[in-house]
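Sequences are here, hints too, so could you generate the full structure?
Going down the list, the protein sequences come from chains A and Z. According to our numbering, the first sequence is numbered sequentially starting from -1. According to our numbering, the second sequence is numbered sequentially starting from 4.
Derived from the structure by calculation, the hints contain no laboratory data. It should be emphasised that the depicted structure is a prediction, and the values quoted were computed from it without experimental measurement. Glycine residues also receive a C-beta, built at the ideal position from the N, C-alpha and C atoms. There may be inaccurate statements among the hints.
[Claimed, not checked] Restraint ranges, calculated between C-beta atoms of paired labels, are given here: (1) Pro222(A) x Phe86(Z): 53 to 61 Å; (2) Glu61(A) x Gly14(Z): 48 to 56 Å; (3) Lys292(A) x Leu33(Z): 52 to 60 Å; (4) Pro165(Z) x Asn51(A): 20 to 28 Å; (5) Ser169(Z) x Asp317(A): 25 to 33 Å; (6) Gly8(A) x Leu30(Z): 25 to 33 Å; (7) Pro173(Z) x Lys292(A): 34 to 42 Å; (8) Gly14(Z) x Arg82(A): 46 to 54 Å; (9) Leu507(A) x Leu33(Z): 56 to 64 Å; (10) Glu40(A) x Pro173(Z): 39 to 47 Å; (11) Gly8(A) x Leu33(Z): 58 to 66 Å; (12) Glu5(Z) x Met181(A): 44 to 52 Å; (13) Ile495(A) x Gly206(Z): 35 to 43 Å.
Each chain is listed here by its residues.
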Amino acid sequence: MELELILALGMFLCAILALLAGYPVALTLGGVALIFGLIGVELGLIPLPILRNLPSRILGSMENQVLIAVPLFVLMGVILERSRVADDLLHTASRLLARVRGGLGYAVVIVGALLAASTGIVGATVITMTLIALPTMLRQGYDPKLATGTIAASGTLGQIIPPSIVLILLAEAVSNANQSAAMRSGGGAGVVSVGDLFAGALLPGLMLVGLYLVYLVVTAILRPSASPAVSVEDDGAPLTGAEIARSLGAPLLLIIAVLGSILAGLASPTEASAIGAGGALLLAGLRLAPSHGKAGDLASIWGAFASLLLLGLLTNTLDLTVNRESIPTGDMIAIAIAALASLVLLGGILSAARVLMRANQFGSALTSGAQITSMVFLILIGASLFALVFRAYGGEHYVEALLTSIPGGLWGALAITMLVMFLLGFFLDFIEIVFVVVPIVAPPLIILGADPVWLAILMALNLQTSFLTPPFGFALFYLRGAAPEGVKTIDIWRGAIPYIGLQLTMIALVAAIPSLATWLPSVAG
Amino acid sequence: METFVTVTGTGLRYAGYALLPLLVLPLLVLLLPKSLQRPADGLRWVLDRTSGLAMGFAVSAAFLIILIQLCAVLLRYVFGLSFSWLNDSVILTFAMIFMLGAAATLRDDGHVRVDILRNRFGPVTRSSIELVGAMAFIFPISILILYSGSGLIARTWIGLEPFNESDGLPIQFLFKTLVPVFAILMIGQGLSQALKAALIIRGQLAEDADRPDHGGAV
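Here it is as structure tokens:
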């Protein structure tokens, strides 16, 4: 065996052992990689400049437009959690479902799928769901295994339910692979667009939600103690329409606004995430104003909602563009009104912030948001150093050589590819996998007859499963980071196992029936 | 400008070399716990407060990013306006959150661990792992970042590099300076964690001594 291969494998092994010692994951990945990198430099296997790339890699993460959505979605989740808005949302959703045993579980999957759909970033989604749902579920006497498994699985849904960052990156990589496959085989090739993958992922994603719900129904019947009926309604008066509108309708509207604006192509995920965070502040202010607000705060917040409506109305009926040759008087007045409404909106957000400040939740929510963001990005930095060194040892060439020697045509190569990606998903973040593995493995697979969209959806489902699989699934790390200390890691791991089974079922279904992934894109366009 | 940057950079480098022996202080604490406890505690206090100060900026950036990105959205969708300096501000606040918040997150134990075995270790084992981790992982990574990023930072400072667009924010050089600042903060906090671990190993400090968190928003 070559020395490089031994060192690449040794780095993996050492990383596993070091991680088990319990030192922070991000620093362990980076530190082990650096030690093996320096060994490589000493032995003359790795040129030193590769290690010196780290600062520019860090700058790359700092400038990444797509990743800006991470802190904003984290803040949205933390603010909703601190102000009990999300608690209310889950409570009301579960009280509506309370007649059914395990209603809180269904509510979590549905609310979780909606949240997942609105972020599309596993780290942020899992953390948001853990902060919002886990304390409530544990308080209601849910089995911690079932609760954490449901949350982790619902969180990883963000990868497959559009709009998802993975799907955007995959679309780019698969489209390139498709063209290079066409060049090698001499045929023509169409472009695989982000829209194609969004449409292709919609059915499998919704079916996964269905599978999760079926699993929860079965659990509720077979093991009633694991998912008890919600006990709050014992003393409470029946839900009024106003209560439902306030605690369920408002946040749902926020989620739908965020999700809808991305799906309709109106806003980029980053822009939508800012709307989400601002909306979360407003909802939190509304929730806490009666107990902590001063006179005028509530009015200011309601004013912000009114301005929002007014702005929507004006923007859709009149042309408010400022940069043009001549502006008619009518538009001029409308622009002035819109400017005023914008100021009222921002004022409302500031009032909401003041209410939260007075409730002693503002600083702690922002601090917790900053901590979680730091945690996610330190992992990104550590993983990128790990990936740098792994590739410097030629790790991906060994993977490629392995793939080309597999018997069994498309299915054999596909099976091994999926397995390799699954294992790589433990250590490399999905951006690395998409940009390192897909360009290597996708062209041969497409030449062997795989449909690009089908292949991409299978890969996305596969990575989603990988992020859910103990001991190294990233979703589980994120969940561990945000879960209360009383929750045991082993319970988190055990809880994920049934959902891994459901994931594998879904992968088998899409593999067997490609039209699950390819039908909608062909209809859509 | 160029001489100023070069002189400052050289001065900083020698200051860095001069401070390097501080990184072995945790090992000296292992040897002489009694006599070094006071200075170690004092240094930890300063380092923890420094991380807290940086976290204060990170927290402010977390609020600002919401407001700035919302303004950008309003301006673009309602009035059809877009400004590069607004987008640059978003990028700057975004990077500030985690580049300045990572050290305090380390202090408050906010970075994810695999804790499957960790809970079964005693305080001495846990602290030994912390000490080794700081010395073998945090210091080398941070020194690598400082060492290999110095050229990048010198170039951006010499030109006082602005962001790319003509109406962009004129402080790209400050944005890039977040990289060495991050590394220095991590070294400082790593040193604080290592000192704490050494004191715990020698029985001069209870493991959860400063557990009550360092005052939320700083």
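| Violations among the numbered hints, reported as their numbers in ascending order | 2, 11
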